[in-house]
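*Asks:* Chains as they are written, first to last, in the numbering used here: chain X, 8 to 329; chain R, 8 to 142.
If a hint is listed, it holds; no wrong ones were tucked in.
Calculated lysine to aspartate or glutamate pairs in the EDC-like style (CA-CA distance at most 20 angstroms, straight line):
no.	chain 1	residue 1	chain 2	residue 2
1	R	K62	X	E243
2	X	K73	R	E63
3	R	K45	X	D180
4	R	K62	X	D239
5	R	K62	X	D180
6	R	K69	R	E51
7	X	K169	X	D181
8	R	K62	X	E179
9	X	K73	X	E179
10	R	K62	R	E139
11	R	K69	R	D54
12	R	K119	X	D162
13	R	K75	R	D120
14	X	K169	R	E139
15	X	K145	X	D235
16	R	K69	R	D120
17	X	K145	X	D181
18	R	K45	X	D181
19	R	K45	X	E179
20	X	K73	X	D181
21	X	K145	X	D239
22	X	K169	X	D180
Hints listed in this document are in silico derivations from the structure and should not be mistaken for laboratory results.
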Amino acid sequence: MMSTERSRISSFFTSTCREGGRFIFEGHIPAFSTVLPRLGLAALILCILSGVILTFQYRPFGNVFKNLEEITSLIPYGWFFRQIHYITGQAFVFLMLLHTADHFIRRRYRVYAPGEWTNLTAALLACFFALFTGFILKGDKEGLFAGKILASILDTIPRLGKGIAGLLVGSEDDFFFLPYLHHCFFIPLLVGYLLKDHIRDWLPGKGFMAAAGILAASYALVVAPFIDIPPDAPAEAVTGPWFFLGIQSLLRNWPVFPVGILLPLIFVLLVLILPLVSSMSTGGSRKAMRAYYLLERVIYWIILAAAFSYLLLVLSAALKGP
Amino acid sequence: MERREFFKKGLLASIYGLALAAVSYPAIVFITFRRSSKIEVVFEPQDQGPDIRYKEGVYLLKNGDELKAVSARCTHLGCLVNYNPISRRFECPCHGSVYDATGKRIAGPASKDLLAVPLNRSPDGTITVTIEIQA
Ligand code: HEM
Ligand code: FES
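With the rest of the complex left out, here is chain X:
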């Protein structure tokens, strides 16, 4: 009697756990996996629309800071489109990052051919470059310094540095023109090209568009715009865009080339070779297969550990100041 009771309870317990697990892993995570990218796509569409609207008043020459002050405080609804553009741009890249992490952690890179995987990685990097150039385009002290720091970091690449840096920012008078060209023209084209086979349907559906629109508009209406620092005003500490905070804090104590170029490059290369190593672990002799399988696992954990440590570095820099 007692024992059947107990076994009934335990079987109820195990079946509840099983069902719960199934709900979380088969019901929940796929929902998470399909909702995130569609919401991100809706954010991208709103971001491009608001960006196009901004270009009609934005001028990348002359006193860019004054121009943006006018957009924010003089030109009707300028603050609204700036806020919409800012939050949808951040949301898009953040959701894309989550989407990538979601697939990466489940080791979905195995289903991609190395070429396609390279395109996806490049697209994600291009999106961060869009955030970075957008940050420069603000034309305030932070934007100006971020542009100068980026150019100086690239300068440290032997032989090619000067040339590459010159492709990204201009000198004094036309400082903002190249970031502007990249931000509004080259990067969106490049991202669209790189993702052309990945995104099956570029229109995320009315529900997602409405949700993204309502969220973005609420943000714009409720949250006050950031107060930008004029380029000439002294500022005790100047910080870069959020994803750069970790590198910024490392640059206080470490030499520029290893921190600004070498480590990020190694990280990206590890990400790129992963599907290649993984595909090698499915053919050849047993011994070779085992070795490649082990190598894949090692690279996978190095990437996760590096990404997680960088996240902690960004969080600590954001909380304590870089």
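Dock chain R with the ligands against chain X, hints included.
*Replies:* Just chain R with the ligands, lined up with the frame of chain X:
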């Protein structure tokens, strides 16, 4: 047969490679060409003072009768440094490099002193500082 195929492919690849190089070389040279230019910063007599003055990326330092101009560009990664009149030091807001009142590096990740730039004093008292910028 195998070998002929191989040579044919190799030849074709070299022709493509050469054509690509012939097209991209001028493009790369064109895109990366940089003019070097000079900017003049003029300190009128009313812009000058007994202490340290700042204008358009240049600090004018006066030490008794000695006059010196330094670029405000931090030698680490190019942010503009602030002058702190209390500590009498130049401090960089980006990664914390510190220079003394003559522009000499004291602390932080920068390895060089602030760059001294040539200045020109004309009879009417204006001081012109020329800074070279490589784009
Ligand atoms: C790839 C997608 C894009 C992303 C992630 C993005 C992101 C950003 C970000 C984060 C800013 C800085 C806003 C701030 O801090 O105030 C910005 C500024 C700007 N963006 Fe975009 N943007 C994208 C596409 C575009 C496009 C397609 C255009 C125009 C055709 C555009 C035009 C502008 C302009 C004019 C600014 C400067 C105005 C301002 O700072 O508010 N953007 N962008
Ligand atoms: S740019 Fe001045 S300390 Fe880095």
